[in-house]
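Build the full structure now, drawing on both the sequences and the hints.
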Amino acid sequence: MKTICLYFEIHQIIHLKRYRFFEIGRDHYYYDDYANEQGINEVVEKSYVPALNALIDMAKTNKGAFKVALSISGVALEQLEIHAPQVIELLHQLNDTGCCEFLCEPYSHGLSSLANEECFREEVERMRTKIKEIFGKKPTVFRNSSLIYDDEIGAIVADMGFKGMLAEGAKHVLGWKSPHYLYHCIANPSLKVLLRDYKLSDDISLRFSNSEWNEYPLFADTYIGWVADMPDQEQVINIFMELSAIGMSQSLSSNILEFLKALPACAKARGITFSTPSDAIMKLKSVDHIEVHYPMSWTDEERDISPWLGNILQREAFSKLYSVSERVLLCNDKKIKQDWDYLQASNNFRFMTTKNTGIAIDRGIYDSAYDAFTNYMNILGDFIRRVNSLFPVDMENEELNSLLTTIRNQGEELLALNKEVERLQEKLRKDNEDCSNGCTEVKAEAAKSSSAKNATVKKPKSKAEVKADK
Amino acid sequence: MFGWEFPPHILGGLGTASYGLTKGMAQQEDMEITFCIPKPWGDEDRSFLNIIGMNSVPIAYRDVDWDYVNYRIGKYMDPQLYFDLRNNIYADFNYMHLNDLGCMEFSGRYPDNLHEEINNYSIVAGVVARQQQFDIIHSHDWLTYPAGIHAKQVTGKPLVIHVHATDFDRSRGNVNPTVYSIEKNGMDYADCIMCVSELTRQTVINKYHQNPNKVFTVHNAVTPLAQEILDIVPKKSANEKIVTFLGRITMQKGPEYFVEAAAMVLRRTRNIRFVMAGSGDMMNAMIRLAAERGIADRFHFPGFMKGNQVYEVLKASDVYIMPSVSEPFGISPLEAMQCSVPTIISKQSGCAEILDKCIKTDYWDINAMADAIYSICSNPSLYNYLKEEGKKEVDAITWDKVGVKVRNHYDNVLANYRK
Numbered sequence: 000m001k002t003i004c005l006y007f008e009i010h011q012i013i014h015l016k017r018y019r020f021f022e023i024g025r026d027h028y029y030y031d032d033y034a035n036e037q038g039i040n041e042v043v044e045k046s047y048v049p050a051l052n053a054l055i056d057m058a059k060t061n062k063g064a065f066k067v068a069l070s071i072s073g074v075a076l077e078q079l080e081i082h083a084p085q086v087i088e089l090l091h092q093l094n095d096t097g098c099c100e101f102l103c104e105p106y107s108h109g110l111s112s113l114a115n116e117e118c119f120r121e122e123v124e125r126m127r128t129k130i131k132e133i134f135g136k137k138p139t140v141f142r143n144s145s146l147i148y149d150d151e152i153g154a155i156v157a158d159m160g161f162k163g164m165l166a167e168g169a170k171h172v173l174g175w176k177s178p179h180y181l182y183h184c185i186a187n188p189s190l191k192v193l194l195r196d197y198k199l200s201d202d203i204s205l206r207f208s209n210s211e212w213n214e215y216p217l218f219a220d221t222y223i224g225w226v227a228d229m230p231d232q233e234q235v236i237n238i239f240m241e242l243s244a245i246g247m248s249q250s251l252s253s254n255i256l257e258f259l260k261a262l263p264a265c266a267k268a269r270g271i272t273f274s275t276p277s278d279a280i281m282k283l284k285s286v287d288h289i290e291v292h293y294p295m296s297w298t299d300e301e302r303d304i305s306p307w308l309g310n311i312l313q314r315e316a317f318s319k320l321y322s323v324s325e326r327v328l329l330c331n332d333k334k335i336k337q338d339w340d341y342l343q344a345s346n347n348f349r350f351m352t353t354k355n356t357g358i359a360i361d362r363g364i365y366d367s368a369y370d371a372f373t374n375y376m377n378i379l380g381d382f383i384r385r386v387n388s389l390f391p392v393d394m395e396n397e398e399l400n401s402l403l404t405t406i407r408n409q410g411e412e413l414l415a416l417n418k419e420v421e422r423l424q425e426k427l428r429k430d431n432e433d434c435s436n437g438c439t440e441v442k443a444e445a446a447k448s449s450s451a452k453n454a455t456v457k458k459p460k461s462k463a464e465v466k467a468d469k
Numbered sequence: 000m001f002g003w004e005f006p007p008h009i010l011g012g013l014g015t016a017s018y019g020l021t022k023g024m025a026q027q028e029d030m031e032i033t034f035c036i037p038k039p040w041g042d043e044d045r046s047f048l049n050i051i052g053m054n055s056v057p058i059a060y061r062d063v064d065w066d067y068v069n070y071r072i073g074k075y076m077d078p079q080l081y082f083d084l085r086n087n088i089y090a091d092f093n094y095m096h097l098n099d100l101g102c103m104e105f106s107g108r109y110p111d112n113l114h115e116e117i118n119n120y121s122i123v124a125g126v127v128a129r130q131q132q133f134d135i136i137h138s139h140d141w142l143t144y145p146a147g148i149h150a151k152q153v154t155g156k157p158l159v160i161h162v163h164a165t166d167f168d169r170s171r172g173n174v175n176p177t178v179y180s181i182e183k184n185g186m187d188y189a190d191c192i193m194c195v196s197e198l199t200r201q202t203v204i205n206k207y208h209q210n211p212n213k214v215f216t217v218h219n220a221v222t223p224l225a226q227e228i229l230d231i232v233p234k235k236s237a238n239e240k241i242v243t244f245l246g247r248i249t250m251q252k253g254p255e256y257f258v259e260a261a262a263m264v265l266r267r268t269r270n271i272r273f274v275m276a277g278s279g280d281m282m283n284a285m286i287r288l289a290a291e292r293g294i295a296d297r298f299h300f301p302g303f304m305k306g307n308q309v310y311e312v313l314k315a316s317d318v319y320i321m322p323s324v325s326e327p328f329g330i331s332p333l334e335a336m337q338c339s340v341p342t343i344i345s346k347q348s349g350c351a352e353i354l355d356k357c358i359k360t361d362y363w364d365i366n367a368m369a370d371a372i373y374s375i376c377s378n379p380s381l382y383n384y385l386k387e388e389g390k391k392e393v394d395a396i397t398w399d400k401v402g403v404k405v406r407n408h409y410d411n412v413l414a415n416y417r418k
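Protein chains in written order, with numbering that gives the first Met the number 0: chain B, 0 to 469; chain F, 0 to 418.
Source of the hints: derived by calculation from the structure; they are not laboratory data.
Using N, Cα and C, we set each Cβ at its ideal position, and we do this for glycine too.
It is possible that some hints are incorrect.
Label-pair restraints from in silico Cβ distances [claimed, not checked]:
no.: 1; chain 1: F; residue 1: Glu227; chain 2: B; residue 2: Trp175; range: 52 to 60 Å
no.: 2; chain 1: F; residue 1: Ala395; chain 2: B; residue 2: Glu88; range: 40 to 48 Å
no.: 3; chain 1: B; residue 1: Tyr33; chain 2: F; residue 2: Arg169; range: 54 to 62 Å
no.: 4; chain 1: B; residue 1: Lys336; chain 2: F; residue 2: Ser170; range: 52 to 60 Å
Written as structure tokens, this is what we have:
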């Protein structure tokens with residue numbers, strides 16, 4: 000029996016503004032508010048609202064027979080909260096039908112999985128908590144930004160307690176194998192991997208409204224027919240795409256919503272079910288491991304990481320950005336942490352691509368890859384200055400870390416000692432009350448000891464501070 | 000072909016382009032080129048084409064013997080050709096100022112009596128056209144259009160004109176009516192118009208009202224660098240970057256935008272030097288402007304560069320910039336890229352149409368220009384990328400490909416001529 004695993008991603012980046020190099024050090028606001036508001040409103044109006052309404056409708060009419068999975072990047076969530084709370088409301092409605100599973104992804108939609116493990120863990124954890132807070136259920140399945148996956152990433156994700164992960168069914172990895180089975184990560188068999196069927200996914204997200212395509216117009220029964228005609232042993236057909244494909248890439252006038260809505264009924268007629276990723280992982284048995292030495296993704300013909308890290312410009316920007324990752328993790332500055340999320344978004348690197356794919360990419364405000372690089376590096380220049388101004392540059396991260404730990408420990412110690420003092424003073428007062436006079440000696444002694452303790456504790460702390468400020 | 004300049008004695012891009020184009024075309028075996036210039040110096044490369052000096056073509060009969068002719072012009076021309084040409088004199092031009100061989104003198108430059116020289120050139124062209132055997136006439140730039148028209152009228156052979164620039168580029172819109180009329184006349188008579196860029200093509204179509212069907216874009220290319228130039232060791236200092244502007248310092252080249260952008264960059268960082276090499280009518284104004292902005296200590300004017308000096312300057316540079324307001328093609332950024340120098344060009348340059356591995360900004364957008372300069376100077380990866388990829392890109396732009404294109408246009412013209 001076959002099952003379809005349908006998944007949509009919601010992500011919109013925070014657009015960077017035109018930032019000239021002479022603003023470095025003066026202007027610490029990097030975002031184009033107008034473009035952000037306008038961009039998010041457009042995609043919400045054209046795509047998210049109608050698409051989510053359709054999904055809610057499908058969930059309600061099919062009463063449990065239709066299942067879908069969604070994931071939202073943290074930065075997109077922030078933008079939706081500000082500019083389009085109605086989308087969050089719709090997500091809640093969809094969640095309430097019980098037919099929807101929310102997956103976890105890196106908060107920033109960035110490439111930290113390729114750069115810094117700690118950073119990656121931190122932002123995944125943050126996203127997991129946020130999803131739990133909003134939708135009430137801790138996600139157990141993970142999808143990385145742009146479905147980037149390799150063995151190492153799989154191992155980290157498994158270690159973080161995820162049961163499953165989505166990845167691309169890339170031909171160069173699978174070879175003769177079919178993506179229509181459940182696989183597991185070679186580094187940790189407890190992590191199951193669902194592989195995207197790019198042909199069926201792209202039929203909807205890329206080709207649906209293309210009148211030159213030989214399958215145009217595509218109808219739901221034909222589409223389900225393709226699935227039904229696959230060999231009987233094949234188990235799970237993974238159709239993953241961005242939610243904005245519906246309405247943005249494929250306009251609503253192509254009747255894509257009607258197509259979607261017709262899918263469950265057609266599937267039912269051919270005996271095909273729908274599953275969420277966790278259902279699929281629970282019900283099915285893994286047939287084999289997959290081995291991925293080099294990271295793969297769902298973008299471009301090569302399905303690798305070249306759209307973001309293909310040329311030296313991208314790699315330079317990437318390595319500069321992550322050169323301060325440890326320090327950003329150490330700091331407590333909220334503004335810096337926020338900028339860190341926004342700057343990491345993989346789209347910023349995509350704008351710098353010089354690959355000639357034949358498909359024009361929308362570079363936003365940038366004319367060319369060089370323009371995108373220049374602007375990003377200017378902003379990064381300012382950002383790195385701000386991070387470095389928090390901590391002395393010439394100090395090793397480890398040393399800094401140990402000092403920060405000392406400060407933190409001493410802070411805790413201080414707190415504990417203060418409590419002790421309070422307790423003693425309380426005791427003293429009680430004692431005073433007990434023997435209203437005649438106990439002056441004890442009182443003086445206690446006061447003396449507590450002040451002495453205070454002095455010894457404060458000293459090393461101030462020393463560390465001086466060193467850190469240097 | 001009628002042209003005005005031919006290397007090594009050149010005054011601008013026209014000579015370089017003429018040389019490259021003819022050399023590229025000469026690689027086709029069945030192609031025979033005769034190139035007419037006002038005044039040859041005798042040291043031109045004649046290995047792949049014939050050169051006729053218009054100052055050695057008789058337009059009035061003089062009874063001279065072979066030895067005398069050989070003694071006078073043997074350096075530039077086969078004496079036999081002189082006598083062949085003498086047999087084709089078509090009118091009595093004795094009233095004109097002629098020398099002892101019955102020839103006219105040309106300066107070969109752009110003198111004040113340029114219009115007179117253009118006229119004389121076309122008179123001489125009548126003799127050449129009657130004597131030479133050819134299939135097609137190709138005129139380079141407006142100076143030689145009258146000659147081309149004359150030759151067409153005499154022989155009935157099709158005329159192709161090559162637009163290297165129009166007066167709209169040279170004058171930022173204040174067009175000289177005489178020049179315009181010569182240009183327009185040449186285009187009206189032409190059977191095929193080749194423009195060095197789409198930008199120029201649009202000018203020709205819209206401002207000279209030509210039928211788009213006979214106007215084509217044939218982009219220029221570059222000649223590979225000679226070994227001696229490749230061997231120049233760049234003089235670079237480790238902690239200073241050099242940004243170079245190289246060209247005539249005139250309105251067309253937008254030098255003031257370069258100075259303004261430099262001022263912006265220098266407000267931020269001091270380890271960059273700016274060089275404005277070349278001369279022109281706006282040079283003094285630019286020196287004044289640099290002083291006014293308080294950047295004269297970092298802004299240098301080394302003057303006009305000759306021969307290999309150009310390449311020495313290029314090789315010492317970290318960034319090459321051409322902020323031209325209107326550039327029909329602009330061959331110098333290609334030369335800079337050949338020298339592995341990252342290049343910034345204005346979007347209003349014709350060469351922007353074929354270059355991809357360089358930064359393009361609007362000529363008036365000094366913010367973007369300053370940003371690009373700063374970015375190349377402070378990001379080694381961008382510098383290296385543009386340096387290497389730029390070199391690769393420009394090395395693929397060769398004249399023989401252009402030659403094939405020109406040849407195809409010739410074939411089309413000949414096939415459709417007078418049918």
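Verification of the hints:
1. The hint said 52 to 60 Å for the Cβ distance between glutamate 227 of chain F and tryptophan 175 of chain B, and at roughly 58 Å that hint holds.
2. Between alanine 395 of chain F and glutamate 88 of chain B, the C-beta spacing of about 56 Å breaks the proposed range 40 to 48 Å.
3. Separation of tyrosine 33 of chain B from arginine 169 of chain F is about 41 Å and departs from the stated range, judged on CB atoms against 54 to 62 Å.
4. Look at lysine 336 of chain B against serine 170 of chain F: about 57 Å separates their beta carbons, and that is inside 52 to 60 Å.
The structure does not agree with the numbered hints 2, 3 stated previously, though it agrees with the rest.
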